[in-house]
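Kindly produce the complete structure, drawing on both the sequences and the hints.
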Amino acid sequence: MSSTTSAATSIELKWELPQRGHVGMLSLIAAELAIFTIFVVAYLFYIGKSLTGPFPKDVLELPIFATICLLSSSATIHFAVKALQNGKVRAFGTWWFATMALGFIFLVETGREWHHLIYEKGLTISTNLFGTTYYSLVGLHAFHVTVGLICLGITMILTLLGKVKQSHSDRVDVFSLYWHFVDVVWIVVFTVVYVIGR
Amino acid sequence: MSKPLRIFGFLFSSLFPVQTVFGNQADSSQIPNMFKPVSTPAHSIFHLSLFVLAICGLIFAVVFSLLVYSIVKFRRRAGDDGREPPPIYGSNQVELAWTVIPVLIVLVLFLATARVIHAIQSAGKPAEAIEVVAIGHQFWWEFRYPGLGVVTANELHVPVSDPAHPTPTFITLLSADTDHSFWIPQLAGKTDLIPNRVNHTWIDPNETGMFVGQCAQYCGTQHAKMLLRVYVDSPDQFKQWVLAQTQAAQISDAVNEGRHVFETTACINCHAISGTVADGRFGPDLTHLMSRETIASGAATNTHENLQLWIQNPDAIKPGSLMPAMKLSERDLAAVTAYLETLR
Amino acid sequence: MASESIALATVQEVPRPIGSVLHDWVVTVDHKKLGILYILYALVFLVIGGIEATIMRIQLIVPHNNFVSPQVFNRMFTMHGTTMIFFVAMPILFGFGNYLIPLMIGARDMAFPRLNAWSFWLTAFGGLLLYFSFVGANGLYGAGNAPDVGWFAYAPLTSNAFSVGHSTDFWTLGLLVSGFGSIGTAINILTTIVCMRCPGITLGKMPLLVWLNLVMAAMVLLAISPLTAAQMMLSLDRFLGAHFFDTQAGGSAVMWMHFFWIFGHPEVYVLVIPAFAFASEIIPVFSRKPIFGYPVMVAATIAIGFVGFSVWAHHMFTVGMNPYANSFFTITTMVIGVPTGIKIFNWIGTMWGGKIRFATPMLFCIAFLFQFLIAGLTGIMLAASPFDWQLGNSYFVVAHFHYVIVGAILFTLFGAFYYWFPKMSGRMYNESLGKLHFWLFLIGFHLTFDSMHIPGLLGMPRRIYTYEPGRGWDFWNLICTIGVFFQILGTAVFVGNLLWSLFKGKAAGNDPWDAWTLEWSTSSPPVEYNFAQIPVVRSRRPLWDIKHPEDPDWKYE
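Chains as they are written, first to last, in this note's numbering: chain A, 1 to 198; chain B, 199 to 542; chain C, 543 to 1099.
None of these hints come from the bench; they were simulated from the model.
Every residue gets a Cβ at the ideal spot worked out from N, C-alpha and C, and that includes glycine.
Do not take every clue at face value.
Between beta-carbon pairs, the in silico distance windows are [stated by the list, open to error]:
hint, chain 1, residue 1, chain 2, residue 2, range
1, B, V292, C, P1091, 26 to 32 Å
2, A, G87, C, V569, 32 to 38 Å
3, B, V306, A, E16, 26 to 32 Å
Right, dumping it as structure tokens:
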């Protein structure tokens, strides 16, 4: 061991490897993308194959407001991370809260849409192939938003308790990767469900 | 086919009769042997398989020899001096060689295979083809001949096909419940029957005889006894068979009691007998039950005892099949069996 | 050299109460302990899965046998396959990876130790959930049925209509849960290898075992997820009345097959690549030469990883795809034989010109080479789709994949056991018993799986609880069953040897094999923190450099 070390100290070794948190989160995102891909494939395959109605064009309306909220939350979380990296904890808290609020609005809008579809249009997961694929894909995404909101919430509480510092900026950056992923998936889901599938 | 391949084929297929020495009775037509094809798709596959086996055999011989040589020649000897052998880290030329050669082998294999895929799957259907619709059920086969007006079960009759004037049988494959697979190795490769999907296969047997197979996709408890028989008839035999199958059910006063039992119990919910009130489609059509050599999709021979046993206690023959134990009285059982035995 | 680690290991250990020891193991986040937990868990299920197989083989020893009912037999093949893949092969390979990777890259633990523990316990729970089905799962047909839908659970057999009760749900949920555990471990392995290598271990200097586990982990991330998605869909069908695979509502049974095999085929590469990894560590050491063609071995593995995602529908050649689809999957399946074959040649190249020592680990790896060659060739036969139209879903396929899973994977696993047991336990196993295990198991393996090809060629489908006499299958089924008992004996010798050696084996020392990778520089077993000082390396064989300072590898690599 010592001979290797002494031989090595005579060589200048710059040894920098990627950060664990980022690599780990990106790996998780890769796996999650694979899951979503399968649900998207099922959705695309079953377009037009429902034997009975209601059909997408009859009941789906573009969720513009919800989409704007969710996509803006990617911007707000980006600003939040930047603020914490520069040590501005108050600014971080504000942007973080904005992200939470926008994400929460998105979920509320989704809930309202589902309420409308179930009670006014009679579309449930067991109604037909459209219902099955719609609720599962949008639902899977909404589940991921919910998990993100819980993490956002815990961080918010810790921030309010004064426990979040500039040294934690790496961790919030890792979390923001997850949040951006949720947004990217929404862009795909939106395109597949409300544009292609309608 | 080339001479070396024929010799190889002969040697290879003669490996198999060996086991009949140890196995039981059985004339060899009961062996579903893909290496004794009697129909064009099976023939094409047989030739391809010999080619593939020959190439794989060659590869095996070469690599096996290299392996044996290396472990023998390069083993540590008894009086070894303990010095490490020269470390060789690799060789680009060698790596190139053993990349290029396999790629070429793959190319050749693929081209040979693609030809056969297209030959079998894109075969045109001549006007004289017999059309059959096969519907898979848990755990029996329904066969309908739409052009001929025949409905039967489990035992498929087809005419022999003369290569000069082919009369192949084209089979449409459907399923009433779960996945099944239609497989008679001497006639063709297997094709699955999948609900909500239409599949096709075809056979043109050039020899008369009876060929066996069975369901080849796990479909539930009694998948193992969803057996298949294909009877390849001479043109005359086939015409007679069709004629007999298209008659309405025989009516005989001697079995009135049995017919009455049949028509007033649950039998008619599942079974059909043409010309009577029985028109259930869940189980096999019984109009010409006695024209079949087996019952319960090949699980038992069609004898008096087996017929009674099947009706009274199907689990004794095929436990888990969907035929319910009818729980008839002794008298009713005898009567209904006698009735069924008139359905030729 | 490693004097610091040795000094610490000779400190007197006061015997602790058993409760404290058990508590340690339950709450551990140490990769070595978790690795051993994975391995022990898998060994228990190996025995259970083996019992399930034995029951099947006894039922099939003669035609029309009555050893078990069809219902029981169908549960046996379902549970045997599911157990062996998810609760034996995957955990044991994760276990070895967990144990060895940090040691081989000079790290003190995995990247996420708590995630590591979470993943193990989740996987373990999944297995228990699956096995609870034997006692739970009330359906209409009485209490206690394990799933009987086959390990690939084709739709619509798995729908509520055809699978009443909850047996299928135990399959789905048990695997769903353990699937999350697998993804957790894969994230951990990937992140550890990318982020925690000690100075000097560039990607081009990692031991092949580490490289291959990297590829395997990446594949797990992308392959398990389709299964997870499909199982979520199946559960939605069964619990909420969704119609993903409901053919009566227009759903597609074939879609389940696509999703399952998009998981299922890469999964078998996930299983075999770590087996290649063991061979790639053991064969060089016992041939006394470095691995031949290291860069090509890495490239071939990456190629297998990519191409492995393009071959899945060769499991579906008989479902009636059009000729172009069949041709596509034929060629991709044949193409993947090329990098696989290259690896075999490179192993031969490693032995070539060496001085082969036939210790037990090497015996198993040599058998692996012969057997994997045959398995690969029967795979090429199956790749030719028209040939597969005859051989598919028959005992030929069963023989082929057991040749891979037992003949290649289990054999290299046995080799790995014997090779690293001294490191993990500090003791040497008994070499004569090891060789006895090898010969018994070899004979049993060949009796069973060589003969199994023949009924397949003669038309015997798989998953049948009995068969007709006189089809030419009887004799071969008999031989096949006889082989099982040799394998049981061999396995018993193996377990006995390990247990006995654990207590009575002679001290192994750090490096009983005169090997070259970093794990052999630690004590046996290693101290909890692995390395007192993080090592710095300059070549692929750091210990060779130390032992041969006049002729170090880094001059030539």
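Tested hints:
no. : hint                          : result
1   : B/V292 to C/P1091: 26 to 32 Å : 30 Å, holds
2   : A/G87 to C/V569: 32 to 38 Å   : 37 Å, holds
3   : B/V306 to A/E16: 26 to 32 Å   : 49 Å, violated
The structure fails to meet hint 3 from the earlier list, while all remaining hints are met.
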